[in-house]
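Undergrad: Sequence:
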Amino acid sequence: MFLRRPPRGGPLQNGLRMLKKTSIWLVLIFFLLWALTLLNPFCQLQASERSFGVGSQKRALVKGIRYWSNSAYTRIVIDIEREVTYKDHLLRKDVKLKKPPRLYIDIKTAKLSPHLKQPIPIGDGLLKRARAGQYNPTTVRVVLDLESVIDYKTFLLTDPFRIVIDVLGRPTRVKKKKATKPPSPQRSSSFKVVIDPGHGGEDPGAIGPKGLREKDVVLKIAQILGDKIKKELGWEVILTREDDRFIPLEERTAIANTKGGDLFLSVHANASKNMRVHGIETYFLNFTTDKDALRLAARENGVSPERISDLQLILYDLMLNAKVNESCHLAECVQRSLVGRLKRRYARVKDLGVKQGPFVVLFGAKMPSILIEVSFISNPMEERRLKDERYLNEIATAILNGLKRYARDTKMVRGQPSWSISTALSSS
Numbered sequence: 004m005f006l007r008r009p010p011r012g013g014p015l016q017n018g019l020r021m022l023k024k025t026s027i028w029l030v031l032i033f034f035l036l037w038a039l040t041l042l043n044p045f046c047q048l049q050a051s052e053r054s055f056g057v058g059s060q061k062r063a064l065v066k067g068i069r070y071w072s073n074s075a076y077t078r079i080v081i082d083i084e085r086e087v088t089y090k091d092h093l094l095r096k097d098v099k100l101k102k103p104p105r106l107y108i109d110i111k112t113a114k115l116s117p118h119l120k121q122p123i124p125i126g127d128g129l130l131k132r133a134r135a136g137q138y139n140p141t142t143v144r145v146v147l148d149l150e151s152v153i154d155y156k157t158f159l160l161t162d163p164f165r166i167v168i169d170v171l172g173r174p175t176r177v178k179k180k181k182a183t184k185p186p187s188p189q190r191s192s193s194f195k196v197v198i199d200p201g202h203g204g205e206d207p208g209a210i211g212p213k214g215l216r217e218k219d220v221v222l223k224i225a226q227i228l229g230d231k232i233k234k235e236l237g238w239e240v241i242l243t244r245e246d247d248r249f250i251p252l253e254e255r256t257a258i259a260n261t262k263g264g265d266l267f268l269s270v271h272a273n274a275s276k277n278m279r280v281h282g283i284e285t286y287f288l289n290f291t292t293d294k295d296a297l298r299l300a301a302r303e304n305g306v307s308p309e310r311i312s313d314l315q316l317i318l319y320d321l322m323l324n325a326k327v328n329e330s331c332h333l334a335e336c337v338q339r340s341l342v343g344r345l346k347r348r349y350a351r352v353k354d355l356g357v358k359q360g361p362f363v364v365l366f367g368a369k370m371p372s373i374l375i376e377v378s379f380i381s382n383p384m385e386e387r388r389l390k391d392e393r394y395l396n397e398i399a400t401a402i403l404n405g406l407k408r409y410a411r412d413t414k415m416v417r418g419q420p421s422w423s424i425s426t427a428l429s430s431s
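Adding 3 to a residue's 1-based position in the sequence shown gives its number in our numbering.
A few of these clues could be false.
[As the list claims (entries may be wrong)] Below, computed lysine to any residue pairings styled on SDA-like, alpha-carbon distance capped at 25 Å: (1) 195 to 410; (2) 294 to 339; (3) 195 to 249; (4) 358 to 278; (5) 414 to 342; (6) 223 to 302; (7) 276 to 208; (8) 234 to 413; (9) 223 to 394; (10) 346 to 396; (11) 156 to 310; (12) 414 to 404; (13) 66 to 87; (14) 96 to 151; (15) 120 to 89; (16) 114 to 97; (17) 131 to 97; (18) 156 to 258; (19) 294 to 316; (20) 111 to 123; (21) 156 to 136; (22) 156 to 233; (23) 233 to 73; (24) 358 to 315; (25) 234 to 408; (26) 294 to 313; (27) 111 to 95; (28) 131 to 71; (29) 414 to 390; (30) 156 to 82; (31) 231 to 262; (32) 213 to 387; (33) 231 to 89; (34) 213 to 353; (35) 233 to 263.
[Said to hold, decoys possible] Here are the simulated distance ranges between beta carbons: (36) 249 to 354: 31 to 37 Å; (37) 411 to 120: 51 to 57 Å; (38) 120 to 214: 45 to 51 Å; (39) 123 to 348: 47 to 53 Å.
Please keep in mind that the hints were generated in silico from the structure rather than gathered at the bench.
Predicted model, so just to flag it, every value in this text is computed and none were measured.
Backbone N, C-alpha and C fix where the C-beta goes; we use that ideal spot for every residue, glycine too.
With the hints as extra help, turn the sequences into a complete structure.
TA: Below you can see the structure in the form of structure tokens.
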């Protein structure tokens with residue numbers, strides 16, 4: 004049996020020819036549309052939005068960049084509207100390309116605020132400037148152009164969300180002058196104490212049963228204490244706030260570091276749901292498993308108790324440069340003085356001891372630093388006392404005496420203890 008070949012120009016060949024022509028036209032139309040998309044910015048924008056879809060809608064706004072600095076320390080804070088992930092990278096100096104060393108932070112699933120497109124000049128000897136840009140549709144890159152840096156640390160803070168970068172360098176060395184007289188161990192204005200009255204402004208802190216606000220009480224104590232230190236010790240005193248204003252926690256530590264503080268005291272009034280709880284306790288920065296300490300840290304940090312575990316993790320990086328032993332010693336001197344003096348003058352003064360916890364206000368402090376809880380404002384008896392100027396004066400005097408004890412123990416000479424900041428930073 005033989006198969007007959009279909010004649011030329013039959014239905015099959017005609018169909019194949021039509022299909023071939025149609026395919027060529029489809030390819031030409033496709034390439035034409037693709038070319039128009041490349042040439043038309045509006046089409047490009049639409050294509051970008053389609054490519055990233057829902058991701059572009061969920062990008063967090065990078066709202067601001069703040070900084071505090073001196074010749075040995077700079078703190079940069081990047082404010083973001085909600086939680087994101089980030090990565091930091093240090094690029095060494097590139098001699099061939101003539102590029103300076105740079106530290107950059109890539110913030111994922113983020114978009115840059117329009118007002119951050121201009122570089123921020125810093126010029127403090129450590130950083131030349133900070134600049135930010137939309138690296139790609141879902142990544143904001145913040146670049147720090149470096150001049151002289153020996154180390155840096157980054158960590159996250161929440162409520163509101165921000166990335167904190169601490170940059171360290173070698174402090175400017177000052178030539179020492181020969182002393183013509185034996186140095187005085189206590190009276191020297193070269194020694195600086197930074198006093199931080201907790202809360203303030205929109206943040207009242209804890210409020211007592213009769214309406215006494217923590218922010219008002221601790222400001223008065225800080226002012227009284229500052230006057231006593233200047234009068235009796237001749238030390239320079241710096242208050243992180245001198246009136247009723249709100250200062251973010253990370254700014255308080257930055258003030259202490261950039262002002263070259265030698266000691267940092269954060270003054271607070273305690274609170275508890277149990278109104279019978281009363282007493283005095285002093286904290287330094289360290290890990291803890293104590294539930295009460297963690298609960299207090301959550302309240303003072305303005306975060307939920309669930310967030311405290313995140314702060315404990317941050318401490319692993321920060322504790323390498325923390326003055327833990329010195330801070331613990333300072334806390335012991337102040338706590339012992341507070342309890343001893345107040346017990347001699349008031350009934351039912353309870354010693355709750357020296358404790359440790361993850362307090363954000365102490366994060367990154369380059370000097371011995373403590374947080375003092377002078378009394379429980381939630382306790383009716385101690386709230387009444389905190390309204391009395393005499394009680395506040397006794398608290399300030401007791402803290403002053405604790406500082407005197409600490410100065411004697413550490414053999415401070417002309418305001419410079421054996422663990423001076425210059426020595427600590429140079430060896431770190």
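Undergrad: Give a verdict on every hint.
TA: We went through each hint and held it up to the structure:
1. At most 25 Å may separate the alpha-carbon atoms for a hinted pair to count; residue 195 and residue 410 meet this at roughly 12 Å.
2. Distance restraint check for residue 294 and residue 339: the Cα-Cα separation of roughly 23 Å lies within the 25 Å cut-off, and the hinted pair is therefore satisfied.
3. Among the hinted pairs, residue 195 with residue 249 is consistent with the structure: their alpha-carbon atoms are about 23 Å apart, no more than 25 Å.
4. With a CA separation close to 21 Å, the supplied pair residue 358 and residue 278 stays within the 25 Å bound.
5. Taking the CA atoms of residue 414 and residue 342, the gap is about 24 Å. The hint holds against a cut of 25 Å.
6. Restraint check for residue 223 and residue 302: the C-alpha separation of about 21 Å stays at or below 25 Å, so the hint holds.
7. For the hint pairing residue 276 with residue 208, the CA-to-CA distance comes to about 14 Å; that is within 25 Å, so the pair holds.
8. This hinted pair checks out: residue 234 and residue 413 have alpha carbons roughly 21 Å apart, not beyond 25 Å.
9. Distance check on the hinted pair: residue 223 and residue 394 sit about 11 Å apart at the alpha-carbon level, within 25 Å; holds.
10. With a C-alpha separation of about 14 Å, the suggested pairing of residue 346 with residue 396 holds against the 25 Å cut-off.
11. Proposed proximity of residue 156 and residue 310 is supported: the alpha carbons are some 20 Å apart, at most 25 Å.
12. Between residue 414 and residue 404, the direct Cα distance comes to roughly 15 Å. Compliance with the 25 Å bound is thereby established for this hinted pair.
13. The hinted pair formed by residue 66 and residue 87 meets the criterion: a straight-line CA distance of about 13 Å does not exceed 25 Å.
14. For the hint linking residue 96 to residue 151, the alpha-carbon distance of about 11 Å falls within 25 Å, and the restraint holds.
15. For a cut-off of 25 Å, the pair hint linking residue 120 to residue 89 stands: about 19 Å separates their Cα positions.
16. Between residue 114 and residue 97 the CA atoms are separated by roughly 29 Å; this puts the pair beyond 25 Å, and the hint is violated.
17. Between residue 131 and residue 97, the direct Cα distance comes to roughly 16 Å. Compliance with the 25 Å bound is thereby established for this hinted pair.
18. Distance restraint check for residue 156 and residue 258: the Cα-Cα separation of roughly 17 Å lies within the 25 Å cut-off, and the hinted pair is therefore satisfied.
19. For the given pair, residue 294 sits about 16 Å from residue 316 by alpha-carbon distance, which is consistent with the 25 Å threshold.
20. For the proposed pair residue 111 and residue 123, the alpha carbon gap of about 21 Å is at most 25 Å, so the pair holds.
21. At most 25 Å may separate the alpha-carbon atoms for a hinted pair to count; residue 156 and residue 136 meet this at roughly 22 Å.
22. Note on residue 156 and residue 233: the hinted pairing is violated, with a Cα-Cα distance of about 34 Å set against a maximum of 25 Å.
23. In summary, the hint linking residue 233 to residue 73 is supported, as the alpha carbons are separated by about 24 Å, within the 25 Å threshold.
24. A C-alpha spacing of about 15 Å is found between residue 358 and residue 315, which places the hinted pair at or below 25 Å, so the restraint holds.
25. Between the alpha carbons of residue 234 and residue 408 the distance comes to roughly 17 Å, so the proposed pair stays at or under 25 Å and holds.
26. About 15 Å separates the Cα atoms of residue 294 and residue 313, which keeps this hinted pair within 25 Å; it holds.
27. This hinted pair checks out: residue 111 and residue 95 have alpha carbons roughly 23 Å apart, not beyond 25 Å.
28. Under the criterion of a C-alpha separation no larger than 25 Å, the hint pairing residue 131 with residue 71 is consistent with the structure, at around 13 Å.
29. A threshold of 25 Å between alpha carbons decides the hint, and for residue 414 with residue 390 the separation of about 36 Å lies outside it, so the pair is violated.
30. The straight-line distance between the Cα atoms of residue 156 and residue 82 is roughly 17 Å, inside the 25 Å bound, and the hint therefore holds.
31. For the suggested pair residue 231 and residue 262, the alpha carbons sit about 20 Å apart, so the restraint of at most 25 Å is met.
32. Annotation: proposed proximity of residue 213 to residue 387 holds, straight-line Cα distance about 9 Å (limit 25 Å).
33. Restraint check for residue 231 and residue 89: not satisfied, since their Cα atoms lie roughly 45 Å apart, outside the 25 Å limit.
34. A C-alpha spacing of about 22 Å is found between residue 213 and residue 353, which places the hinted pair at or below 25 Å, so the restraint holds.
35. Distance check on the hinted pair: residue 233 and residue 263 sit about 17 Å apart at the alpha-carbon level, within 25 Å; holds.
36. Separation of residue 249 from residue 354 is about 32 Å and conforms to the stated range, judged on CB atoms against 31 to 37 Å.
37. Between residue 411 and residue 120 the beta carbon distance is about 54 Å. The supplied range of 51 to 57 Å therefore holds.
38. The hint said 45 to 51 Å for the Cβ distance between residue 120 and residue 214, and at roughly 47 Å that hint holds.
39. Residue 123 and residue 348 have their C-beta atoms about 52 Å apart, which keeps the hinted 47 to 53 Å range intact.
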